[in-house]
Structure formats: C-alpha cells, structure tokens
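As you go down the protein sequences, you meet chains A and B in turn.
Mapping to my numbering: the first sequence position 203 is 203, numbers consecutive.
Mapping to my numbering: the second sequence position 49 is 49, numbers consecutive.
Hints are computed from structural coordinates only; laboratory data are not their basis.
Incorrect hints may have been included.
What the hints assert, rightly or not - Here are the simulated distance ranges between beta carbons:
no.: 1; chain 1: B; residue 1: Lys206; chain 2: A; residue 2: Lys135; range: 32 to 38 Å
no.: 2; chain 1: B; residue 1: Ser213; chain 2: A; residue 2: Gly37; range: 50 to 56 Å
no.: 3; chain 1: B; residue 1: Arg36; chain 2: A; residue 2: Asn152; range: 26 to 32 Å
From the three backbone atoms N, C-alpha and C, an ideal C-beta is built for every residue, glycine too.
Number of protein chains: 2
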Amino acid sequence: MRYELYYWPSIQGRGEYVRLALEEAGADYVDVARQRGVPAMMRMMEEGAAPPFAPPFLKAGKFVIGQTANILFYLGARHALAPTTEAGRLWLHQLQLTITDFVLEAHDTHHPLGPSLYYEDQKAEAKKRTREFWKERVPKYLGYFECLSAKNRGTWVTGRKVTYVDLSLFQLVAGLRYAFPRRMKAFEAKIPKLCELHDRVAARPKIAAYLASDRRIPFNEDGIFRHYKALDV
Amino acid sequence: MRYELYYWPSIQGRGEYVRLALEEAGADYVDVARQRGVPAMMRMMEEGAAPPFAPPFLKAGKFVIGQTANILFYLGARHALAPTTEAGRLWLHQLQLTITDFVLEAHDTHHPLGPSLYYEDQKAEAKKRTREFWKERVPKYLGYFECLSAKNRGTWVTGRKVTYVDLSLFQLVAGLRYAFPRRMKAFEAKIPKLCELHDRVAARPKIAAYLASDRRIPFNEDGIFRHYKALDV
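Okay, chain A solo, but in the shape it has when bound (with noise of 0.2 Å):
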C-alpha cells in the first residue's frame, strides 16, 4: 500500500514527526502537496463525510487519519516503531501526546497572541513568551524525557527497540537548536541523553539518508521552530 501523507509543502511543521516515521519504516508514501500542489490537499478538507480539521493527514487504503499523534499511533504499529502490547502501546503515545503539547508551546514563543497575528505584530510579547519558555517550560518538558531516559537505562527512550518517540524527540533537539542556538548550546549540558538520542536517531541509515535529500525541507522561519535572533539571546 502506498501512503499519502497530506501536509504544508514548505515547511517542517507538524508533517514532520509523520515524515520521519515513515522514513525509518521504508514505507511506501508520496508526499501529496509537495508532488502535486496544495489544491489536492485543500479538496481532502472539504469533501466526504468525516474531513479532517487541518494537516497533517495521512490516507492509508480508505483511512483518513488526522492528527500526528494519532497517525503515529496508526503507523507504530503498522511498522513495528511502537510496543505490540496494549500497555506499551497507550504508555508511547501518552509520550507521544506530552511531546505534541510541548510543540505547541514552541510554537508560541513567536505567536503567543494566536496563530493568526503576524510574528512582526507580537515581538514584544514574544519576547516574553519565550523567557517563560526558556526558564520554566524546556526544563519541564525535556527534563522529563531526559529522565525517562536515565531511568530505563535502555538505548531508546522506552527501552531496548526505536519508536516514533525517539524520532520525534530528534526532531525536537534539532528544532531548539535550529530555533535557539544560543539558549540551547547553553542548556545542553542539562540533556546529555536527549543529545545522545539526537545523534543515534540521526545515524540511522534510512534517517541519515532521508536528512540527506531533498526530501527533508530544511526548517525556516513559516515552520514551528524559527530562528529569530530577538528570541535567542
């Protein structure tokens, strides 16, 4: 079955965790906005029965799975990227969810009065957003996977085999560094195993080889995680 992820052309975005879950699967996907235009995706909207309130989506046979979370739940299983037991299942996504809630609040720190003002009409509270972020929200977030990962003491971060988890925890280390160079070189030495996790995911063959085309866009400044030199100081 070949997989249609729908999802923003030019942008990193949410579409990503999806992307590189299905890149370490080997599966069989075409990314639907990149290779035949945003109209393909809008029409997916607003048509049928069920349609799905934004991007991402994935079309899987005559599924339509909206939502990263859940579309990673979907494919974990599918691609052996989560645990086979029920438990280890709802425990992943539960992880899985705690990371979507902590992309929402990157995505904040440059929109904190709402996704539909402009960064240039926000910069003052941006600034405050982010010094929030940066003292309490980072050190929560990624303090808590940084534990985990102590804790089970495993090579990935719920043990012994990769799950979509760990590559949206790569995506996460990647994006604070893109975004925050400056606020993260100095935060780093607080997430030793987090940037461990980083570089394991990033050496996998079929990750390393996806980072190397043209297929990863690279992150800029529409995406969740943008660079703006204000913000990093």
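Mind docking chain B on chain A? Use the hints.
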C-alpha cells in the same frame, strides 16, 4: 475494577472530560486527590519507571494512563463510548485531539505569555489574545464541529450513538458560556446543533445526576474556563 482518577481536586480542568466519561459509563471510580489529598497524586508522579508528565491520569488495574485524550481512548473502548471498528476509533480520537487543541487555546486566552505567570501580569496580552480567539479560532473550531453535526444528521456528532466526544463538546459549550457569557450569547446562533447537543448530554440521566451532585466541581477562576469581565466584552 475500581478506577482511580488522579487530577487536581479543586477544578474541572482537563480532568473533567474524564469525569464525564466515567459518570456516563456508570463506572466505579475514586477521584483520588479529592478523597485522599494531593500528596497521594504527587507520589504517583514521582515513582516508577513510567511516571505521568502531568494530571490527569487514570489507574486501571496495573495500567497508569496519562493524557486526557489517551484516557478517553482507553475508556471509550471499554464502556461503549466509542465505535467498535478501528477506523471509527481513530476518527473519534482525532476529534478528541482537536478538542484538546481547542482547550489549550481557551486556556491561553487568559495565559498568552505562558502558564507560569499570573493572569494579573498579562491582562493586556490576554485581551488581545481573547479578541483573536473569538474572531478566528472559536468560529473555526466550533464551526467544524457544527458542520460535522449537520453532515451526519445523527443525534450525536458521529452518528446514532453517544461517544466521549459528545460529552467533551457539552463541556466546551458549558465552559464558553461560563467564561464568556456575553460573547457566547452573541455567537450561539451560529452553532444551533452544538447547543442542542449540549442540552441532550445534560439531560442524560447519569450526566444530569452527576451535574446535580457535589462530584461536579463548579467552574472557577483556577480552571481552564475562567470568567474575567475584562475579557468578555
């Protein structure tokens, strides 16, 4: 089996979506922090190999399940509050995750600069974010659910059987009415089906009994939906 729900004892908050599902299911549960105090909850977050990141979490036998939507995914399957097919369950979960996103945006109306600062320290920003919330976000999210209700012509949002998503939509309408009575009053003409759905949920015998009991914590200004006059213009 007696479930143990762990959530803050003085607010509805995110725990309320779980409470509503447990009540509608007629499940045997203890609201741990209300009945045994907050330290009993905090201990659970500090122990074991798989501690939850934050409340709410549910202990179900030896499972400990965190993240509201994840808990509902688990309960829905066991208490006939979700479809029986995989496609149906993923669709329902997708809707719940969209509700999760909306709940966070509702919270950010009074905390645009982040959850670690007081409302009183971000009132001006809260006014701006609330304006955007009502101008752009409420119409987008509630319009989506209104549209789904209209499309399937069922009694409930996904068809002929009540699900945990219906219970959560009840809570959204109730919460917006509490927090923004003036704004919501002006808006309700645009979401007649959601308002009907709210009433149908409230009239269900187990939900009605719950709402009339002291198990239902009143809305207040520590929860997600807070009534601040300055934001309801």
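| query | Can the suggested window of 32 to 38 Å be confirmed for the beta-carbon pair Lys206 (chain B) and Lys135 (chain A)? | reply | 44 Å Cβ-Cβ, so the 32 to 38 Å window is violated.
task: Take a look at whether the Cβ-Cβ distance between Ser213 (chain B) and Gly37 (chain A) falls inside 50 to 56 Å.
output: 54 Å, holds
Are Arg36 (chain B) and Asn152 (chain A) spaced within 26 to 32 Å by their CB atoms?
-> For Arg36 (chain B) and Asn152 (chain A) the Cβ distance comes to about 29 Å; the hint holds.
In the structure shown, a violation is registered for the earlier hint numbered 1 alone.
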